[in-house]
Amino acid sequence: MPYIELSETCGESTYRGRFLEYHVRRTRPRRWNLEIRVNVVYRWAFEYAGKWDEGRKAAFRAALAFHARRTWSGQFVLRNGDPDDGGSVGVDVSVEVVEKWHRANDTWQVIVYPERAGSRVPDRPDGFDEPDEPIRCAPRWTGWPDDLPRPVRPEDRLHRAGVCFLYERSVRIASVRQDDPRVQRASDHELGHMLGMAHPGGICSDRDECYGRDATRDRIMGMGMTVTRADYAFATGIMHRYSNASPGQRSWWAASR
Numbered sequence: 288m289p290y291i292e293l294s295e296t297c298g299e300s301t302y303r304g305r306f307l308e309y310h311v312r313r314t315r316p317r318r319w320n321l322e323i324r325v326n327v328v329y330r331w332a333f334e335y336a337g338k339w340d341e342g343r344k345a346a347f348r349a350a351l352a353f354h355a356r357r358t359w360s361g362q363f364v365l366r367n368g369d370p371d372d373g374g375s376v377g378v379d380v381s382v383e384v385v386e387k388w389h390r391a392n393d394t395w396q397v398i399v400y401p402e403r404a405g406s407r408v409p410d411r412p413d414g415f416d417e418p419d420e421p422i423r424c425a426p427r428w429t430g431w432p433d434d435l436p437r438p439v440r441p442e443d444r445l446h447r448a449g450v451c452f453l454y455e456r457s458v459r460i461a462s463v464r465q466d467d468p469r470v471q472r473a474s475d476h477e478l479g480h481m482l483g484m485a486h487p488g489g490i491c492s493d494r495d496e497c498y499g500r501d502a503t504r505d506r507i508m509g510m511g512m513t514v515t516r517a518d519y520a521f522a523t524g525i526m527h528r529y530s531n532a533s534p535g536q537r538s539w540w541a542a543s544r
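Quick note: the sequence shown uses my numbering, first residue 288, plus one each step.
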């Protein structure tokens, strides 16, 4: 499968240097399918303490992959205005678990933290203080952020890697904030970042603004569960690049199924 730079799928400069794997397959005349594979490797926080059994690992992997496909696949079809090359393009998104890096800029590392009881992590090592919000994706990272938990081994330090931090509970729908009625499955939101999508309001320098306003906050890349045409910018960007379209020509758009 070929690769496309994430910044080319939605114009977000924060994703420069990271690539997304895709394949465009013509299944029949005037019918194509865009297949997108997100490669991830998993690290299980506190694994050294023997707190993660294989059943818990398998359950998380299966839930993340299942919900990601259901949320991001087939929400819209893609079309263009060229009568010789139009038709309908379906979109299929899948999460591929890999045992080792393909290369640092096309594989995401997912760090999974154990289920919380109340406001603390029951499996945490001595002296570990849990931050309030470890759920996030960093497109390119070297080392570890000061405000997030980190693996205990020095050799776990990352260099220019894409990392997503998730709780074990992130694959379940839950309230985003206590003062907001919206609910979201955090793993689906973070998968959107792996596809190259940003928040409706851009980088979160202002937490209240970056997740959108009013109806835009209902979007999956905001604080809700609704996938919109704007959230399919990654797919139209790939098709535009795939068809070598010049600016303003053979424009691709997301259409209702």
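Misleading hints may appear alongside valid ones.
Quick list of the computed label-pair ranges, beta carbon to beta carbon [as the list claims (entries may be wrong)]: (1) P316 <-> D340: 44 to 54 Å; (2) G342 <-> R318: 33 to 43 Å; (3) A391 <-> C497: 34 to 44 Å; (4) P316 <-> I460: 11 to 21 Å.
No wet-lab data here; the hints were simulated from the structure. Even glycine gets a Cβ: it sits at the ideal position worked out from N, Cα and C.
How the hints compare with the structure:
For P316 and D340, the Cβ-Cβ distance of about 50 Å falls inside the hinted range of 44 to 54 Å, so the restraint holds. For the pair G342 and R318, the beta carbons lie near 41 Å from each other, so the given range of 33 to 43 Å is met. At roughly 27 Å, the beta carbons of A391 and C497 sit outside the given window of 34 to 44 Å. For the pair P316 and I460, the beta carbons lie near 40 Å from each other, so the given range of 11 to 21 Å is not met.
Comparing the model with each earlier hint shows violations of hints 3 and 4; every other hint is respected.
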